[in-house]
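Peer 1: Residue numbers (the working numbering), protein chains in the order written: chain H, 1 to 194; chain P, 1 to 194.
I should point out that these hints are in silico values taken from the structure, not numbers from a laboratory. Treat the hints with care, as some may be off.
Facing chain H, according to a computed beta carbon distance under 8 Å, are these residues of chain P, among others [what the hints assert, rightly or not]:
1. Ile66
2. Ile68
3. Ala72
4. Leu149
5. Phe156
6. Ser160
7. Arg163
8. Asp183
9. Val185
10. Ala186
11. Met187
12. Leu188
13. Gly191
14. Ala193
The list that follows gives simulated cross-link-like pairs (lysine to any residue, SDA-like), each with its CA atoms no further than 25 Å apart [unchecked claim]:
15. H/Lys194 / H/Ala148
16. H/Lys22 / P/Lys85
17. H/Lys5 / H/Gln76
18. H/Lys194 / P/Val141
19. P/Lys85 / H/Arg62
Since we're looking at a predicted model, the values are computed, not measured. Don't be surprised by glycine CBs; every beta carbon is placed ideally from N, CA and C.
Chain by chain, the residues run as shown.
2 protein chains.
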Amino acid sequence: MLTTKKTIRRQFILDEAAKLFKEKGYGGTSMRDLAGNVGLEAASMYNYIKSKDEILELICQRIAGIYISQLAEIEQTPQATYAAKVEALIRLHIRLMVEEGPAVSVANHDWKYLPEPQLTAFKQARKSYEQGFARLIEQGVAAGEFQALHPSVALFTILSAVRWVELWYRPGRELSAEELENDIVAMLLSGLAK
Amino acid sequence: MLTTKKTIRRQFILDEAAKLFKEKGYGGTSMRDLAGNVGLEAASMYNYIKSKDEILELICQRIAGIYISQLAEIEQTPQATYAAKVEALIRLHIRLMVEEGPAVSVANHDWKYLPEPQLTAFKQARKSYEQGFARLIEQGVAAGEFQALHPSVALFTILSAVRWVELWYRPGRELSAEELENDIVAMLLSGLAK
């Protein structure tokens with residue numbers, strides 16, 4: 001078990017690593033750059049983290065874990081409409097990009113540098129998430145809540161539609177994160193509705 | 001003036017170049033690779049095209065020109081509703097990605113390697129296109145056709161939403177290009193509608 005202090009320090013290193021990967025690319029970032037950014041000697045940093053591969057793995061696993069666990073929770077909410085379920089997932093995507101921009105960016109772009117078997121595990125987790133999300137859309141169409149769209153077309157249109165938030169959103173923009181989120185949600189949910 | 005035969009040969013070289021840039025990256029493609037792909041000696045190819053920079057410039061200019069001229073045409077159609085105008089632009093984006101995938105991919109990703117002054121000209125053309133598209137959305141909101149969304153949020157949600165077609169669409173998928181286009185258009189237009 002990691003002590004709390006060690007866990008907090010490790011998460012700080014992971015957060016700084018995500019920022020560096022986003023800024024300089026995964027390939028363009030060295031463990032020495034990272035040590036400089038977190039204010040540690042490279043040798044001390046290895047007490048917290050073994051390698052760049054391990055950092056990438058931990059970031060991708062954490063983000064994938066958030067999506068998977070939220071989907072599972074939403075699937076097990078029997079009273080909600082399909083629109084409410086899809087809305088919860090769209091809001092999750094936008095909020096994660098606003099609140100955890102660098103980590104989401106790493107999970108969106110740098111996952112391809114994962115070594116095996118983590119690469120296969122990550123791709124399977126993503127596929128299983130996409131299938132679960134598409135199933136909610138399919139069930140919403142079957143229940144007459146949504147217009148008769150191909151579930152995979154609707155799914156990828158939604159996932160792609162929210163992606164620009166990653167490139168655009170910076171704290172201090174004239175639009176608040178809530179206004180941004182509400183407009184995108186309003187557009188995508190009206191887009192699905194029958 | 002280029003002779004017709006020379007123009008056709010040159011367009012063939014540009015099309016092959018776009019495929020190579022998409023496959024191997026702009027930086028990873030050499031003029032020698034390209035000559036091999038079009039079946040010419042490198043020396044003969046220089047009769048048609050001066051450099052990799054010139055190829056990139058011609059591809060980006062052509063794609064930007066299509067968007068700009070279509071927008072101008074649509075802006076000058078006084079009878080149409082704003083929904084019809086926006087629909088025409090969304091269909092243009094999807095069709096260009098289906099029919100001219102590699103060239104659109106180059107204009108979407110590799111424009112950043114353009115040398116100056118072409119880089120600035122390309123960025124200005126793109127900005128002017130985005131402003132014109134956002135103006136149509138703003139006018140549609142003002143006319144009561146669209147729900148009260150921030151025009152720039154609606155614009156980037158639409159532009160981002162159609163982007164996945166670039167990665168997904170291959171001829172021979174179980175869904176036809178028309179079905180794909182119609183589903184995305186149905187979703188995005190219902191999303192805008194009041």
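Peer 1: If a hint holds in the structure, say so; if it doesn't, say that too.
Peer 2: Consistency of the hints with the structure:
Residue-level restraint check for P/Ile66 is violated (minimum Cβ-Cβ distance to chain H is 21 Å; threshold 8 Å). Restraint check, P/Ile68 versus chain H: the minimum CB separation of about 21 Å is more than 8 Å; hint violated. Annotation: P/Ala72 was flagged as interfacial toward chain H, and the flag is violated, the nearest CB pair being 25 Å apart, outside 8 Å. A cut of 8 Å between beta carbons decides the hint on P/Leu149: the least distance to chain H is about 5 Å, and the hint holds.
For P/Phe156, the interface hint holds, since its Cβ comes within 8 Å of a Cβ in chain H; the closest pair sits about 5 Å apart. At about 4 Å, the closest approach between the beta carbon of P/Ser160 and any beta carbon in chain H falls short of 8 Å, and the interface hint on this residue holds. The beta carbon of P/Arg163 comes within 5 Å of a beta carbon in chain H, closer than 8 Å, and the hint placing it at the interface holds. Interface restraint check for P/Asp183: the shortest CB-CB distance to chain H comes to about 4 Å, inside 8 Å, so the restraint holds.
For P/Val185, the suggested interface contact is broken, since its CB lies about 10 Å from the closest CB of chain H, more than 8 Å. The interface hint given for P/Ala186 holds, since its Cβ lies 7 Å from the closest Cβ of chain H, which is under the 8 Å cut-off. Because the beta carbon of P/Met187 sits about 4 Å from the nearest beta carbon in chain H, less than 8 Å, this interface hint is met. About 6 Å separates the beta-carbon of P/Leu188 from the nearest beta-carbon of chain H, less than 8 Å, and the hint is met.
Annotation: P/Gly191 was flagged as interfacial toward chain H, and the flag holds, the nearest CB pair being 3 Å apart, inside 8 Å. The restraint placing P/Ala193 at the interface with chain H holds, with a minimum CB-CB distance near 7 Å, inside the 8 Å limit. Proposed proximity of H/Lys194 and H/Ala148 is supported: the alpha carbons are some 8 Å apart, at most 25 Å. Under the criterion of a C-alpha separation no larger than 25 Å, the hint pairing H/Lys22 with P/Lys85 is inconsistent with the structure, at around 37 Å.
Annotation: proposed proximity of H/Lys5 to H/Gln76 is violated, straight-line Cα distance about 35 Å (limit 25 Å). Of the supplied pair hints, the one linking H/Lys194 and P/Val141 holds, its CA atoms being roughly 21 Å apart against a limit of 25 Å. Distance restraint check for P/Lys85 and H/Arg62: the Cα-Cα separation of roughly 43 Å exceeds the 25 Å cut-off, and the hinted pair is therefore not satisfied.
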